[in-house]
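Undergrad: Letter by letter, the chains look like this.
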Amino acid sequence: MNFRLLRVLVLGLSYLVLLEFFLEVRAHSRGFDTIFFGSVQRQSSSTTENPRPPLKSGAAAASGATEKRTGETRYWIASSSHAEDIYLSREMIFPTRLEKLLQKPGVSVAVINASHAGMDIEANRSDLESQGAIVRPDVVILYQMSIQINKLSKQLLSRRQSGSSREKSLDISKLKSQPSRIAQLYENTSLYALLKGNISNRLTGQRVLADSLGEQANLQFETQVNEFVNSVRQIGAEPVLCTFATSHTQRNMPDVPKEVTGFLFRYNVYLSLFGWFETINNFNRILRRVAEEQHIRLVDLDVELSGRTEYFRDFVHFTPRGHEKVAEAIYLKLQSDPPQKR
Amino acid sequence: MNFNSVEFLAFFICVLILYTFVFFRERWRDFLLLAASYFFYMSWNWKYAGLLAFSTIVDYSVGLLLAREQRPRVRTYILIISLTSNLGLLALFKYYNFFIDLSGTTIAMFGWDLSLLRHELLLPVGISFYTFQTMSYTIDVYRGEHVLERNFLKFAVFVAFFPQLIAGPIVRAKQFLPQLHHLPNVTAERFHDGLLLVFKGLSKKILIADLLATLAVDNVFTHPLAFSSWDLLIGLYAYTFQIYYDFSGYSDIAIGLAKMLGYDLPQNFNRPYLSQTVREFWTRWHISLSTWLRDYLYISLGGNRVAPWRVKMNLMITMFLGGLWHGAALHFICWGVYHGLLLILARQGPTTKGVRNPAKKVLLQIWCFHLIAFGWLLFRVQDLNTFLDFLYGWSRLTMGTRLSGGFYGILGLGMLFHILPTQRLQQFAQWWILRPVSVQAMTYGTLLLIYAGMTLEAPSFIYFQF
Chain A
1 MNFRLLRVLV LGLSYLVLLE FFLEVRAHSR GFDTIFFGSV QRQSSSTTEN
51 PRPPLKSGAA AASGATEKRT GETRYWIASS SHAEDIYLSR EMIFPTRLEK
101 LLQKPGVSVA VINASHAGMD IEANRSDLES QGAIVRPDVV ILYQMSIQIN
151 KLSKQLLSRR QSGSSREKSL DISKLKSQPS RIAQLYENTS LYALLKGNIS
201 NRLTGQRVLA DSLGEQANLQ FETQVNEFVN SVRQIGAEPV LCTFATSHTQ
251 RNMPDVPKEV TGFLFRYNVY LSLFGWFETI NNFNRILRRV AEEQHIRLVD
301 LDVELSGRTE YFRDFVHFTP RGHEKVAEAI YLKLQSDPPQ KR
Chain G
1 MNFNSVEFLA FFICVLILYT FVFFRERWRD FLLLAASYFF YMSWNWKYAG
51 LLAFSTIVDY SVGLLLAREQ RPRVRTYILI ISLTSNLGLL ALFKYYNFFI
101 DLSGTTIAMF GWDLSLLRHE LLLPVGISFY TFQTMSYTID VYRGEHVLER
151 NFLKFAVFVA FFPQLIAGPI VRAKQFLPQL HHLPNVTAER FHDGLLLVFK
201 GLSKKILIAD LLATLAVDNV FTHPLAFSSW DLLIGLYAYT FQIYYDFSGY
251 SDIAIGLAKM LGYDLPQNFN RPYLSQTVRE FWTRWHISLS TWLRDYLYIS
301 LGGNRVAPWR VKMNLMITMF LGGLWHGAAL HFICWGVYHG LLLILARQGP
351 TTKGVRNPAK KVLLQIWCFH LIAFGWLLFR VQDLNTFLDF LYGWSRLTMG
401 TRLSGGFYGI LGLGMLFHIL PTQRLQQFAQ WWILRPVSVQ AMTYGTLLLI
451 YAGMTLEAPS FIYFQF
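Respectively, the protein sequence lines represent chains A and G. With the numbering used here, the residue at position 324 of the first sequence is 324, and numbering never jumps. With the numbering used here, the residue at position 101 of the second sequence is 101, and numbering never jumps.
Heads up, some of the hints might be wrong.
[Said to hold, decoys possible] From chain A, some residues computed to sit far from chain G (all C-beta separations above 12 Å): (1) Tyr-15; (2) Arg-251; (3) Gly-307; (4) Pro-320; (5) Glu-324.
[Claimed, not checked] One-sided and incomplete, this derived list gives chain G residues near chain A with beta-carbon spacing under 8 Å: (6) Ser-5; (7) Val-6; (8) Phe-23; (9) Asn-219; (10) Leu-388; (11) Gly-406.
[Unchecked claim] With a cut-off of at most 25 Å between alpha-carbon atoms, the simulated SDA-like pairs for lysine to any residue come out as follows: (12) G:Lys-200 with A:Ser-200; (13) A:Lys-154 with G:Ala-226; (14) A:Lys-151 with G:Ser-5; (15) A:Lys-151 with A:Phe-274; (16) G:Lys-200 with A:Arg-26; (17) A:Lys-196 with A:Arg-26; (18) A:Lys-154 with G:Ile-450; (19) A:Lys-196 with G:Leu-180; (20) G:Lys-200 with A:Val-10; (21) A:Lys-196 with G:Gly-406; (22) A:Lys-154 with G:His-223; (23) G:Lys-200 with A:Leu-6; (24) G:Lys-200 with A:Leu-19; (25) A:Lys-196 with G:Asn-2; (26) G:Lys-200 with A:Asn-198; (27) G:Lys-200 with A:Leu-195; (28) G:Lys-47 with G:Val-58; (29) A:Lys-154 with G:Lys-154; (30) A:Lys-258 with G:Gly-405; (31) G:Lys-200 with A:Leu-191; (32) G:Lys-200 with A:Tyr-192; (33) A:Lys-196 with G:Val-58; (34) A:Lys-154 with G:Arg-424; (35) G:Lys-361 with G:Arg-424; (36) G:Lys-200 with G:Lys-47; (37) G:Lys-154 with G:Ile-81; (38) A:Lys-196 with G:Phe-132; (39) A:Lys-196 with G:Phe-8; (40) G:Lys-200 with A:Leu-11.
In case anyone wonders, no lab produced these hints; they're calculated from the structure. Please read all numbers here as calculations on a predicted model, not as lab measurements. Each residue gets a CB set at the ideal place from its N, CA and C atoms; glycine is no exception.
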């Protein structure tokens, strides 16, 4: 046995590394974080003293966000990629637009955009609990759902059978829940993202998918929303809930283009399109009920935007017009009943 | 560390590089293989490496004692030490809770609660495989089959050899130990052949088994009543092929990895669904286990050299224990008993040997396939309700389908691949290993990428459970 035999493996791996490198060049140039080139310095990056949450608002970033001026009203946006939106400039996204709408002569306002791609309600809550006392927001606006649905789908629908009850008594179950560093590194490669985006979503379309997340998902979602509301109130702020809006609704389900389903299946390999609509409707109902029961202001973005494709660049992310519309809807709701100052 | 994971790829490449350095130094080579095997095993759960070591030490010592001892009765006692310790491990980790639960329901009638006696120990991965492997060694030494190994290091490698440690093939001492005493047979042709086998196994696992599972089988078996009779039938066919491609894929990877390191492992599958009888099926399915059961259990019980009723009983006991080997659950026992009954009935019926009519052959194959497939239903369902749901679903005779075209395509591919003559595959392998290394490397790299993209939920191998 000699090293010459390993040539096929070395060449194969070199080929993969080279491919990854080229993909990373492309990804980096488009503003994504990569392994070889590291993080992209975004215009929205936070101040050095307070690296999290990413404060995308111009005013908030300029003020350093931590020092709250007397008379200043602070709004905290708890969301994920919907509000961060790395594809659009800071001026175009709804938190910044909302800030501009709220600013009037003699009124000091800052909108803290505490949103980052991949954050769920729990991450939002954890951010609020760790930074809320420092930033001292007066109003906390929650706009979350699709990430929650993805997580709940994985938790409730992932290989529910396939000997799962047996696997619970085996070492295998433990292994599945703890991805190693090597696996994490691999999942951060551009190659992985490309493959997941182009192969997995197509395969998911061929699956028998679940049409519902079940009652347990509703209960979990409601609990998470309630916990978030409690956390907001604990820091003395006022919670504001938003229903979730999507480019298409159950009414126009047959007309949903393939790109939209492809987008959904890219991130969620368990839930059918029907299941998505069902879950979104259920969760929106929960949000409305929680808002009513707990006397919380609710911005019904579902009614305002859902089904109007001009407001969306994909199923859940907004176009510049969509961001404008969201900012207006939140602004109007906030105006109709101004928040109490701390 | 699953074979179909990035971690395993990194691990195996490191092993190969180190192996190249120590290849000509026998002691170092053995040590590396042992260290790699234990590292691999400990990646599942480091605590259970002690069990592997315990089994190794006990059976190594028993082997030496048996070689030294001539008195038959004492030799039997020594053998019992090995059997008790190995079966004791299996009983404790695999069957203890099951029997506590079973007896608990009866004893509960008298007001006693046995649930407090249950333990919360996890079942160590691969325990059924390596205990059977070490038991076969001591039984062979006891029978005087000249397999005694005096070198502890080599014996430990035989027990823990990582390519087959978790899910077989169950290797006999006389097949493997002699290979450890010679320079491993690594040539360019064998190395590339092994690599091709690994990719063949990965293809079986990811391209067919996992896709069948994730596209339909999992759902069909979770909610049978949500599907038509037709879908239930197709779902059962799909599971029949899924379990074959999953396990034979694992075996191919194990055999391929061993070959790349210069060792030969026995064939474990030989296109089992082309069998014309259930008896033939058991000579083609999980060959290393079925021959183990034949040689160490069926023959020990008297085999077929006893009265006809005893032969039937021997068959039933063997298949019952074969079912129980797969897991401590009633559905596995039912599956074993079902196969026992089929084998008994096959002995009563007319022989199929010498059937020359091709149409009749095909009909026999189709009939046998359906008998086997029905057995897989017993194997797969985890409760009586799901089984009854399947029967009720079939009785409705509904024909619609919820299964996608892609799924049917994969199932068709699985069927086609199964009936493809082996000569064709061998011809392809011979043609392939003559291609330039760069072409092979890029193809393997691309396949890895495609398979990575196709893995929707990274499922484990089914036989890792046993």
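Undergrad: Please go over all the hints and tell whether each is borne out by the structure.
TA: Comparing the hints with the structure gives:
| no. | hint | verdict |
| --- | --- | --- |
| 1 | Tyr-15 | violated, 4 Å |
| 2 | Arg-251 | holds, 23 Å |
| 3 | Gly-307 | holds, 27 Å |
| 4 | Pro-320 | holds, 33 Å |
| 5 | Glu-324 | holds, 37 Å |
| 6 | Ser-5 | holds, 7 Å |
| 7 | Val-6 | holds, 5 Å |
| 8 | Phe-23 | holds, 4 Å |
| 9 | Asn-219 | holds, 4 Å |
| 10 | Leu-388 | violated, 16 Å |
| 11 | Gly-406 | holds, 3 Å |
| 12 | G:Lys-200 with A:Ser-200 | holds, 21 Å |
| 13 | A:Lys-154 with G:Ala-226 | holds, 21 Å |
| 14 | A:Lys-151 with G:Ser-5 | holds, 23 Å |
| 15 | A:Lys-151 with A:Phe-274 | holds, 17 Å |
| 16 | G:Lys-200 with A:Arg-26 | violated, 33 Å |
| 17 | A:Lys-196 with A:Arg-26 | holds, 17 Å |
| 18 | A:Lys-154 with G:Ile-450 | holds, 22 Å |
| 19 | A:Lys-196 with G:Leu-180 | violated, 43 Å |
| 20 | G:Lys-200 with A:Val-10 | holds, 20 Å |
| 21 | A:Lys-196 with G:Gly-406 | holds, 18 Å |
| 22 | A:Lys-154 with G:His-223 | holds, 18 Å |
| 23 | G:Lys-200 with A:Leu-6 | holds, 19 Å |
| 24 | G:Lys-200 with A:Leu-19 | holds, 24 Å |
| 25 | A:Lys-196 with G:Asn-2 | holds, 20 Å |
| 26 | G:Lys-200 with A:Asn-198 | holds, 23 Å |
| 27 | G:Lys-200 with A:Leu-195 | holds, 21 Å |
| 28 | G:Lys-47 with G:Val-58 | holds, 18 Å |
| 29 | A:Lys-154 with G:Lys-154 | violated, 45 Å |
| 30 | A:Lys-258 with G:Gly-405 | holds, 17 Å |
| 31 | G:Lys-200 with A:Leu-191 | holds, 23 Å |
| 32 | G:Lys-200 with A:Tyr-192 | holds, 22 Å |
| 33 | A:Lys-196 with G:Val-58 | violated, 48 Å |
| 34 | A:Lys-154 with G:Arg-424 | violated, 41 Å |
| 35 | G:Lys-361 with G:Arg-424 | holds, 21 Å |
| 36 | G:Lys-200 with G:Lys-47 | violated, 33 Å |
| 37 | G:Lys-154 with G:Ile-81 | holds, 22 Å |
| 38 | A:Lys-196 with G:Phe-132 | violated, 41 Å |
| 39 | A:Lys-196 with G:Phe-8 | holds, 20 Å |
| 40 | G:Lys-200 with A:Leu-11 | holds, 19 Å |
Checked against the numbered hints given earlier, the structure breaks hints 1, 10, 16, 19, 29, 33, 34, 36 and 38 and satisfies all the rest.
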